[in-house]
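Participant: Chain by chain, the residues run as shown.
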Amino acid sequence: MQTAVIVFPASNCDRDAAVALETHTGKAPHMIWHKDTSIPDDVRFVVVPGGFSYGDYLRSGAIAAQSPVIKDLKQKAEAGLPVLGICNGFQILTEAGMLPGALMRNAGQKFVCKISRLRLANAQTRFTKLYDAKHEIDIPVAHHDGNYFADDDTLRRIEGSGQVVFRYVDNPNGSRGDIAGIINQAGNVLGMMPHPERAIDPLHGGTDGSNIFKSILGSL
Amino acid sequence: MAGTSKSDDITLDVIAEHGISGAEYKIILDRLGREPNLTELGIFSVMWSEHCSYKSSRRHLGKFLTTGKRVIQGPGENAGVIDIDDGDAIIFKMESHNHPSYIEPYQGAATGVGGIMRDVFTMGARPIALLNALRFGEPDHPKTKSLVDGVIAGIGGYGNCVGVPTVGGETNFHAGYNGNILVNAMCVGLARADNVFYSAAKGVGNPIFYVGSKTGRDGIHGATMASAEFDDDSEEKRPTVQVGDPFTEKLLIEACLELMATDAIIAIQDMGAAGLTSSSIEMADKGGVGVALNLDKVPQRETGMTAYEMMLSESQERMLMVIQPGKEQLAFDVFEKWGLDVAEIGTTTKTGRLVLTHGGKTVCDIPIAPLADDAPNLNRPHTPTAPRDVIEPSDIIEPQDYNDALVRVMTDPDMTSKRWIWEQYDRHVMADTMDSSQSGGDAAIIRIHGTNKAIAVTTDCTPRYCYADPYEGGKQVVAESWRNLTAVGADPIAITDCLNFGNPERPEIMGQFVGCIDGMNEACRAFEYPVVSGNVSLYNETNGVAIPPTPAVGGVGLIPDLSLIKTLKGAKAGDTLIMIGE
Amino acid sequence: MIARVYVGLKPGVLDPQGRTIASSLNDLGFEEVQDATQGKVIELKLANGERDLVKARVKEMCEKLLANTVIESYRIELDETEE
Amino acid sequence: MIARVYVGLKPGVLDPQGRTIASSLNDLGFEEVQDATQGKVIELKLANGERDLVKARVKEMCEKLLANTVIESYRIELDETEE
Ligand SMILES: Nc1ncnc2c1ncn2[C@@H]1O[C@H](COP(=O)(O)OP(=O)(O)O)[C@@H](O)[C@H]1O
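Chains as they are written, first to last, in our numbering: chain A, 22 to 241; chain B, 1090 to 1671; chain C, 21 to 103; chain D, 21 to 103.
If you are wondering where the hints come from, they were derived from the structure by calculation, not from laboratory data. There may be inaccurate statements among the hints.
[Stated by the list, open to error] Cross-link-like lysine to aspartate or glutamate pairs, in silico, DMTMM-like; alpha carbons within 25 angstroms at most:
hint: 1; chain 1: D; residue 1: 84; chain 2: C; residue 2: 35
hint: 2; chain 1: C; residue 1: 84; chain 2: A; residue 2: 191
hint: 3; chain 1: A; residue 1: 95; chain 2: D; residue 2: 47
hint: 4; chain 1: A; residue 1: 131; chain 2: D; residue 2: 83
hint: 5; chain 1: A; residue 1: 131; chain 2: A; residue 2: 93
hint: 6; chain 1: D; residue 1: 79; chain 2: C; residue 2: 47
hint: 7; chain 1: D; residue 1: 65; chain 2: C; residue 2: 47
hint: 8; chain 1: D; residue 1: 84; chain 2: B; residue 2: 1227
hint: 9; chain 1: D; residue 1: 65; chain 2: C; residue 2: 80
hint: 10; chain 1: C; residue 1: 79; chain 2: C; residue 2: 63
hint: 11; chain 1: B; residue 1: 1426; chain 2: D; residue 2: 51
hint: 12; chain 1: B; residue 1: 1507; chain 2: A; residue 2: 159
hint: 13; chain 1: B; residue 1: 1661; chain 2: A; residue 2: 172
hint: 14; chain 1: C; residue 1: 84; chain 2: A; residue 2: 99
hint: 15; chain 1: B; residue 1: 1542; chain 2: B; residue 2: 1106
hint: 16; chain 1: B; residue 1: 1450; chain 2: B; residue 2: 1391
hint: 17; chain 1: A; residue 1: 135; chain 2: B; residue 2: 1425
hint: 18; chain 1: C; residue 1: 30; chain 2: D; residue 2: 72
hint: 19; chain 1: A; residue 1: 131; chain 2: B; residue 2: 1391
hint: 20; chain 1: B; residue 1: 1234; chain 2: D; residue 2: 47
hint: 21; chain 1: D; residue 1: 60; chain 2: C; residue 2: 47
hint: 22; chain 1: D; residue 1: 60; chain 2: C; residue 2: 92
hint: 23; chain 1: A; residue 1: 95; chain 2: A; residue 2: 180
hint: 24; chain 1: C; residue 1: 60; chain 2: A; residue 2: 180
hint: 25; chain 1: B; residue 1: 1426; chain 2: A; residue 2: 180
hint: 26; chain 1: C; residue 1: 75; chain 2: D; residue 2: 47
hint: 27; chain 1: A; residue 1: 92; chain 2: B; residue 2: 1425
hint: 28; chain 1: C; residue 1: 84; chain 2: D; residue 2: 83
hint: 29; chain 1: B; residue 1: 1144; chain 2: B; residue 2: 1175
hint: 30; chain 1: C; residue 1: 60; chain 2: D; residue 2: 70
Make a model of the complete structure from these sequences and hints.
Facilitator: Rendered as structure tokens:
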């Protein structure tokens, strides 16, 4: 199955995302440069990887969200193409308006890198259906701007429609509602701060991230 | 600072300001056959500074064991190179950024990390791990908190952004560093053994390319600052500090590695201390060629820069390379794709001279060989450290309350958890970190991407031992490094070092320096654990008080099979504890 | 022409950075500090043009890139003297 | 009393953020942008006091915490109306 990873200047988890995709599909993903204007038609799943696109200058994800390739990504996502944004990828998707809310500086002001325990707030999405809803999973976080914010109305709306997918058990960044990951209304665009691609190999210390890739790839 | 002035501006004061002694000035006059102009004097001054010429330390560093069956390149290049089988090579080095970090902790530490990464990817390696060795003053000293906060944030800010995991390090607090902290950063990279890049500019008539950020007036005289001690006025006199741009560094890494996969590069060198001066002269000297540069072509951030300023600027994130004729367009295409400034600024020549033109005029024309060959190589007097009284175990009074003693030991700032530090570093990016600071193991473990083998890395030093007895302390530093690697299942291969000491003009400090080197070297030889790269930082003192002698070392070992990894994970209640050794 | 764009968090959005500044100032003995907020100023050097047109363009820059209006509000100042 | 502190990089100090902002504005079609710099504004809510004294205190806060004068310069504005 053909997948793709979008590469921005100073993406730095692009290779990790590619390894995760290849591990789960047996096929190397397309690496799409941000200046390309279209995503090839054979691509069935896109990862917007972590990193520090444009050095996180101005606001994390803000400049990358204006890249040429994002226009096509938006259109294809509206037509149903599944997209996973991880960490900086999540920031880019919110900045591009593909997901609601915004990611602000961590409440503690510091970069935080640790294993975070997550609760499945919605185990019924195309990205999470292989998880046991009662189960808690361990996935590393590594970010400076992971403090999820949405205004009260938006928050009520996404909570009400099951768009909150992951919650921190022990909130590392001040996110409202302990939110670690959300999905769009149509259920095909997921953004999350934790890094599932860093938890797919027993040597990483755990494989709790694998089911996200298996779930979504299995749904295609 | 004036530009390319006439030689009658070279007064005794100007010569002294440039740290050039009377004897050194005589050599310059002799080699040039005339008086130098200010630009030329500036170039001699930085090339002959402690920082670039290692004038106090060179003869002693020469004693180190630097060869071994896995050594591909020992000291003398940007970093050391070792063989880890299957055509893979590890390239690594450690460097200090002590003085800048004291003045501007965030940017000082950040640019320290940036600089050491450039040393490693310059040689063709993708950086795969960062480590550090930090020394701060007492926790309740008024400056300590903000220094610690700034340094840790700066290390994380740069490494995290570039996307290289910071996997280990060490941190100690001691009154001896109240006025002079130590920030030593180490970078480890992975390359193919048959695709390592060196700095010798071979061949005549080849184009010289400048790549990276534009040149500004940053850090002019930084190299001479690193070679003079602090006093209370330093904070007033301080020159501008450089600001790091990790975003550009990341682009530079990707662009250089992309071009290195072709055959376009003949030689490459990063512009570190003394930027354009030392990079061009080192490349020319090693290649046995001359260099002609047109400074009008240097990408500039500010207007009206003089030749002097351009040659001495320490702007970060810049590289100099000699390109294969005919491959110029390829080089332009790659660097422009990554959005970097790039310019062809000169050519290699057969004159053996450094010739600079600016505004249509020749502003410097000096022979290159003397800059290296005639660099001072001092034999500074050194008095051995007097032996301290031996403390017998029986001299120590037994604690009344062992619980209290344990609490005191465990709450010592050196002993407490460093979680608050390493949680600010991305330890997992690149997804090959098998073990890092988090587990509290003796060394961090990084898998070689896509293989079943790994390397183990560690930084170590116990200054208190070196202070008590430099020779024994030096031995211990290397032995600790060796033990930390073996303890995780690795075969130790080689070390890099960063020798932090006080003012070498004082015989007792030179005594510590020589004692530590001799001790380290003895251990290196006993273990066949060679030194392949390193850095010396002298003049670490404030108001005449030196830091404790701190020869930090960074060790690298190979774990040929991932199943051989030993970590602290998996220990359970009821397991048997065994103590080995005396 | 110089345009100065002030970008700050909207009221109601928690500003931990401001709070940290206030409490560190208090810790340093500046007890008179009751609250602090932090925003950014982006100063743009622009080709000259008709004031209203320039302002409209800068507004567009803010909406498109310089501010994230989910959390931030902005204010524009034009300054012709510094040309 | 409100004090506004503007902190920016000194002229000549590399401003990677500003440069990146300028070039992405250009990429977005705002060709009139010739240069950009980014600084911060810290707004402090302070207990009332004699103007000169307050200003002196804020200056001390800048020197001690709010700016690093090695690379940054600052400017203070006092605003009594917003009390
Ligand atoms: N500055 C630092 N950066 C990264 N990791 C650090 C740093 N300081 C300490 N650590 C990590 O914290 C752990 C404990 O460090 P330390 O107290 O020095 O222990 P040890 O004496 O066993 O080396 C180690 O795994 C080390 O790598």
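Participant: Against each hint, give a clear statement of whether it holds in the structure.
Facilitator: Verification of the supplied hints:
The hinted pair formed by residue 84/D and residue 35/C meets the criterion: a straight-line CA distance of about 22 angstroms does not exceed 25 angstroms. With a C-alpha separation of about 35 angstroms, the suggested pairing of residue 84/C with residue 191/A is violated against the 25 angstroms cut-off. The hinted pair formed by residue 95/A and residue 47/D meets the criterion: a straight-line CA distance of about 19 angstroms does not exceed 25 angstroms. With a CA separation close to 23 angstroms, the supplied pair residue 131/A and residue 83/D stays within the 25 angstroms bound.
The suggested pairing of residue 131/A with residue 93/A is violated, with an alpha-carbon distance near 34 angstroms, which exceeds 25 angstroms. Distance hint between residue 79/D and residue 47/C is fulfilled; the C-alpha atoms sit about 17 angstroms from each other, no more than 25 angstroms. Restraint check: the Cα-Cα separation between residue 65/D and residue 47/C comes to about 16 angstroms, which is no more than 25 angstroms; the hinted pair holds. The hinted pair formed by residue 84/D and residue 1227/B meets the criterion: a straight-line CA distance of about 20 angstroms does not exceed 25 angstroms.
Distance restraint check for residue 65/D and residue 80/C: the Cα-Cα separation of roughly 31 angstroms exceeds the 25 angstroms cut-off, and the hinted pair is therefore not satisfied. Straight-line distance between C-alpha atoms of residue 79/C and residue 63/C comes to about 13 angstroms, which keeps the hinted pair within the 25 angstroms bound. Between residue 1426/B and residue 51/D the alpha-carbon distance is near 20 angstroms, which keeps this suggested pair within the 25 angstroms criterion. Distance hint between residue 1507/B and residue 159/A is fulfilled; the C-alpha atoms sit about 22 angstroms from each other, no more than 25 angstroms.
Restraint check for residue 1661/B and residue 172/A: the C-alpha separation of about 47 angstroms exceeds 25 angstroms, so the hint is violated. Pair hint residue 84/C plus residue 99/A holds up; C-alpha atoms about 21 angstroms apart against a cutoff of 25 angstroms. For the suggested pair residue 1542/B and residue 1106/B, the alpha carbons sit about 53 angstroms apart, so the restraint of at most 25 angstroms is broken. Pair hint residue 1450/B plus residue 1391/B holds up; C-alpha atoms about 20 angstroms apart against a cutoff of 25 angstroms.
For the proposed pair residue 135/A and residue 1425/B, the alpha carbon gap of about 37 angstroms is over 25 angstroms, so the pair is violated. Under the criterion of a C-alpha separation no larger than 25 angstroms, the hint pairing residue 30/C with residue 72/D is inconsistent with the structure, at around 31 angstroms. The suggested pairing of residue 131/A with residue 1391/B is violated, with an alpha-carbon distance near 33 angstroms, which exceeds 25 angstroms. Between the alpha carbons of residue 1234/B and residue 47/D the distance comes to roughly 42 angstroms, so the proposed pair goes past 25 angstroms and is violated.
Our distance criterion of 25 angstroms between C-alpha atoms is met by residue 60/D and residue 47/C, whose separation comes to about 22 angstroms. With a C-alpha separation of about 14 angstroms, the suggested pair residue 60/D and residue 92/C falls inside the 25 angstroms cut-off, and the hint holds. The hinted pair formed by residue 95/A and residue 180/A meets the criterion: a straight-line CA distance of about 23 angstroms does not exceed 25 angstroms. A C-alpha spacing of about 32 angstroms is found between residue 60/C and residue 180/A, which places the hinted pair above 25 angstroms, so the restraint is violated.
Taking the CA atoms of residue 1426/B and residue 180/A, the gap is about 43 angstroms. The hint is violated against a cut of 25 angstroms. Between residue 75/C and residue 47/D the alpha-carbon distance is near 19 angstroms, which keeps this suggested pair within the 25 angstroms criterion. Only pairs whose Cα atoms come within 25 angstroms are accepted, and residue 92/A paired with residue 1425/B is accepted, the gap being roughly 23 angstroms. For a cut-off of 25 angstroms, the pair hint linking residue 84/C to residue 83/D is broken: about 36 angstroms separates their Cα positions.
Taking the CA atoms of residue 1144/B and residue 1175/B, the gap is about 39 angstroms. The hint is violated against a cut of 25 angstroms. Restraint check for residue 60/C and residue 70/D: the C-alpha separation of about 28 angstroms exceeds 25 angstroms, so the hint is violated.
Checked against the numbered hints given earlier, this structure breaks hints 2, 5, 9, 13, 15, 17, 18, 19, 20, 24, 25, 28, 29 and 30; the rest are met.
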